[in-house]
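Participant: Chains as they are written, first to last, in numbering that gives the first Met the number 0: chain A, 0 to 471; chain B, 0 to 504; chain C, 0 to 117.
Hints in this document: simulated from the structure, not taken from any laboratory. Keep in mind that a hint or two might mislead.
[What the hints assert, rightly or not] Per label pair, the in silico range of CB-to-CB distance:
#1 Arg-441(B) - Val-447(A): 53 to 63 Å
#2 Phe-471(A) - Ala-20(C): 53 to 63 Å
#3 Glu-93(A) - Ile-100(C): 21 to 31 Å
#4 Ala-165(A) - Leu-15(C): 16 to 26 Å
#5 Phe-89(C) - Val-447(A): 20 to 30 Å
#6 Asn-103(B) - Thr-286(A): 34 to 44 Å
[What the hints assert, rightly or not] Derived EDC-like pairs: lysine to aspartate or glutamate, alpha-carbon spacing no greater than 16 Å straight-line:
#7 Lys-106(B) - Glu-461(A)
#8 Lys-27(A) - Glu-3(C)
#9 Lys-106(B) - Asp-425(A)
#10 Lys-69(B) - Glu-461(A)
#11 Lys-468(A) - Glu-70(B)
Even glycine gets a Cβ: it sits at the ideal position worked out from N, Cα and C.
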Amino acid sequence: MNFSLLSSEMLAAGLGTGLLILGLIAPKTENRRGFGYITAFGLLAVLVATFFQYGINQSTFHELWIVDDYSVFMKQVFIVAAILVVLSAVDFVETLPRFRGEFFALIVYALLGMMVMASANDLITIYVGLELMTITFFVLVAYQLGDGRSSEAGIKYLILGSVSSAVLLYGMSILYGLTGTTTIPEMLTKLTWSPILVVAIVMLIGGFGFKISLVPFHMWSPDIYEGAPTPITAFLAVASKAAGFAVMVRVFLLGLPLEGAVDWMLLISLLAGITMVIGNVVAIPQTNIKRMLAYSSVAQAGYMIAGLMSMDAPGVKGILFYSMIYVVANVGAFTVATLVRRALDTDTIADYAGLGQRQPLLASTLTICLLSLAGIPPLSGFVGKFYIFQAVMDKGILWPAFVGFVMSMISVYYYLNVALYMWRDDPKDDRPVPVPGPAKLVIVLSLVVTVVLGVYPGPLGELATMAAKSLF
Amino acid sequence: MGFPLLTIALLAPIIGALILMFVPEDEHRTIKGISAFFTGISLILSLVAYFGYDFALGGYQFVEDLVWIKEIGVTYAMGVDGISLPMLLLTNLIGFSAVFASWNVNKRPKTFFVLLLLLIAGVMGTFISRDLFIFFLFYEVVVIPLYIMVVIWGSTKRVTKEYAGMKLTIYLLIGSAFLLVGVIALYLNAFPVGERTFLIEKLAQAQMSDSFQIFAFLLLLIGFGSLLSMFPFHSWSPDGYAGAPTAVSMIHAGVLKKIGGYGLIRIGLLVLPVGAKFWAPVIAVLAVCNVAYAAMIALAQKDLKYVVGYSSVSHMGYVLIGFAALNVIGINGAIANMFAHGVMSALFFAMIGFVYEKTHTRWIPDMGGLAHQMPRAAIGLMMAGMASLGLPGLVSFIPEFTIFIGAFKVYPVLATICISAIIITALYTLRALANVLFGPRRPEFDQYQDAKGPELVPLVVLGSVLVLAGFFPSLLMDMVNSGVEPMLKPLMDTLNSAPAIGGGF
Amino acid sequence: MLKEYLAISMFFIVALLIPVAVIFISRLVAPKKTTPEKEEVYECGVDTVGDTWIRFKTSYFLYALVFVVFDVETVFLYPWAVQFQQLGTFAFVEMFIFIAILVVGFWYAWKEGALEWK
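Pulled out of the complex, with its shape left as it was, chain A reads as follows:
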């Protein structure tokens, strides 16, 4: 039993609990601004700690827990997302009537759940991590006390999330019934074709598909994204989705054999194609920026899951790289949405009119981040798509690349629609849109990282390659 493999999770758990205790000790009258900074620095420390876990590639607790480069990379994706969200939320939290300190503690606990998912090598451990993450999100989504839409979103997420977890758990239990083991690598050798395995795989895809909002399990995401507090929407859209991918890749590539068992790839590729098309097409008529981003994130899930079709290290590398840049670009976009909502009290795209003159920094960041999501060179989203579809094409499968690239060019239509309002029109009134310090840091970071990784993706690409190779 090697407890050092758990070090980063222990740090995160300590941080979360410490924040909770701090909230009990600190006088109630004091505002919780400092908590945000403490959380951000603490998470930064955890991020640094994870760098020491590269190259370990060991499992412990009877193979229940694995620390390979893949899991470390994924954990870093989550931590980066959490840091950015925390910083962008510092000023948002001040507007909350109660429970300000707990907000950050809950984010850390959700992060902990994701980290457990990334390192889980066993179905039950996966489920524990998944539930830790999901249940924390139930609370976070409904965090805006007194706001009906937030509570509604919370209840919806509670019901739908529980159902999806139940479906997933049922699928897992069938797998256990078929193989007598819950360890993923052991499953690989024991599975053979049977009709019940089909049921299990469909249920697994349904359960994970809910987390990563794969069509047709995506219905929840627009409603919940719209209702949840914007920083939480960002966290939900990026980190929880990335966590879903982290698990899905491990379970499907390492746990479910294709030869002599069920051809799950057929189903996955079908869903990937449908997701790319539906996500982008339905995003076009949206008038609310959060709903638009919700559908766009559905489409992004389609691109990412297409990377699974290559079934090899380059494809996984594409998924890893894409999740990182997806996190950065999406958090940038959502942070702008947070600030605009705070200043102008609106999420409607038409109300972004004249943002280019009000706050050129916000408008440029939103434009750049959206275009990166659309995959326009030389922004990082393009490189991510390139990695994914290049890997798939290398296996001789051409159609995902056609669908993916054409749909991503169609997505430019609705992304540019936002740019149109921001840059063409004049502001409707002269209310200022203030950009507080920590949020400015997030915005500048996401802008710079999105551009730099697009122009010079080398180092991150190599890190992702190393991480992907550790799986095979």
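Following the hints, complete the assembly by docking chains B and C onto the known chain A.
Facilitator: Frame of chain A; chains B and C shown alone:
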């Protein structure tokens, strides 16, 4: 590595754009001055490159190599040869003129010039990069500034500027999606894992099966063809130009479109000769459609910008048929004609933009006798018009002539149709110009002043190139030939033996 | 394999049949004399007062949650206590951390007023 001339030329507009971001919004003169200065640097450097090119040495010169993404074999490789030099020069000539053609932009000039400089840098990058990946990065950099410029500073006439901008953007992007699939397929097929590279000259040495070349070339043809406004992917072009502000029309018609032709030659022909040969007859037929069909539509237009828009579609047909001939003369003509058309259409749009700025109309029946009030602008329009119909002594006569010689050998019937379409070209150009410039003096235009000061720069710069290259065609043709001949010679055997679609009709 | 399941399925079928049969037979045999008293909803033998669809005080749920947490704690504590001698110091420290985390939670619940009936 010596003096990084190309990188500096490329970075100058980008640095200019960065500096502009810190200039206060209302310092209009400073903003325009800075833009002119940095595009001027690029222009001077590209002139240095053009006249410093060593013919004896040939091949790529001013080469810069820097490993960029080692993992997938991307190199920051810059270099120019006889094909890309005219394009580089053209870009900077037009970029520099476009800054002056936008001298009267007073609506949010800061944003305008930042985007304009980015646009110029993007176009320049495609012509000087020797790496397919970097080429593609620059290729798409241009699309977004273009869109934003059209929707903010464009004009709504027959179609709204939003429609025009979006049509232009979506056409180009969907085309580029096909192109991208083609490029990736090319990259994956050329070499096995580990040796993969995006360097165009390395890709050209790869052994690829005939069927793959035919497939990949089709994808490139759709991508580059829609950029070049090849029939039937041309309909964005007149609408787009009509909606766009002057500088964007100039750059788009002048150089951006040429990326399509340049890409077809540089990547399509050089890397996929068998594919090029296979599809050449199709290209030739589509080229004739371009030439004849667009010319006839131009005849019916009443908006001056639409006339030039369709005329530019028609002229691209010449480039395409020159390309489809797949011989040295034809390709020479195609590249030279891209240069010629670039200069002339940029001048055309600059002058139309100037006239429109003053009179607020482009509707031909509403105009007339403008030569009385604006003699200088009239000279510019006349020069561009005469070049458009291929008057000897101006830039486009020799290239068009060369194209016909090249194409006639291969496609006698199609070339004849193309040549006869020149009559229609003459008809619509002369008719439009006569109605706008000549005729009785109209008193309502008396209040408008002729071009003066900075407004004259586009006329002087582009006009002198028009005449200079017309009188000394060897300045252009020698350069082009020095690039095409060594490139095409080793391919001749492949080209001659490869099959063409339907037996070449 | 299937034979083993046969017994179980028989069991299920019989288990299903018996209640169905009982309900059906009682329907047939029982006398049908309804009075208003009999029509009443049965609730602990006491007459219902007012609407049954009312909102409960959330404090019930808070109590229930805190109760469940410590209920589960005992599930872990009993085996630990029984095997305490064999498990050694490591398990002692581990259980200590476990209880400490729960205590933080309890502290939090207390301070936030979950245990006060307001």
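Participant: Between Arg-441(B) and Val-447(A), does the C-beta distance stay in 53 to 63 Å?
Facilitator: For Val-447(A) against Arg-441(B), whose Cβ atoms are near 55 Å apart, the range 53 to 63 Å holds.
Participant: Taken at face value, is the distance from the CA of Glu-70(B) to the CA of Lys-468(A) at most 16 Å?
Facilitator: holds (14 Å)
Participant: Starting from the hint 21 to 31 Å, judge whether the C-beta atoms of Glu-93(A) and Ile-100(C) obey it.
Facilitator: holds (29 Å)
Participant: Between Asn-103(B) and Thr-286(A), does the beta-carbon spacing fit 34 to 44 Å?
Facilitator: Holds, since Asn-103(B) and Thr-286(A) (Cβ atoms, about 36 Å apart) stay within the stated range.
Participant: Hinted pair, alpha-carbon criterion (16 Å max): Lys-106(B), Glu-461(A). Please report holds or violated.
Facilitator: Not OK: Lys-106(B) and Glu-461(A) at ~45 Å, beyond 16 Å, violated.
Participant: Just tell me: holds or violated, for the beta carbon distance of Phe-89(C) and Val-447(A) against 20 to 30 Å?
Facilitator: violated (47 Å)
Participant: Do the beta carbons of Ala-165(A) and Leu-15(C) sit within 16 to 26 Å of each other?
Facilitator: Once the Cβ atoms are compared, 24 Å apart, the range 16 to 26 Å for Leu-15(C) and Ala-165(A) holds.
Participant: Take the C-alpha atoms of Lys-106(B) and Asp-425(A), compute the straight-line distance between them, and say whether it is at most 16 Å.
Facilitator: Within the cut-off at roughly 11 Å; holds.
Participant: Taking only the CA atoms, is the gap from Lys-69(B) to Glu-461(A) under or equal to 16 Å?
Facilitator: holds (9 Å)
Participant: Can the restraint linking Lys-27(A) and Glu-3(C) be considered satisfied, given a maximum Cα separation of 16 Å?
Facilitator: violated (63 Å)
Participant: Does the Cβ distance between Phe-471(A) and Ala-20(C) fall inside 53 to 63 Å?
Facilitator: Given about 60 Å between the Cβ atoms, the range holds.
Hints 5, 7, 8 from the earlier list are contradicted by this structure; the remaining hints agree with it.
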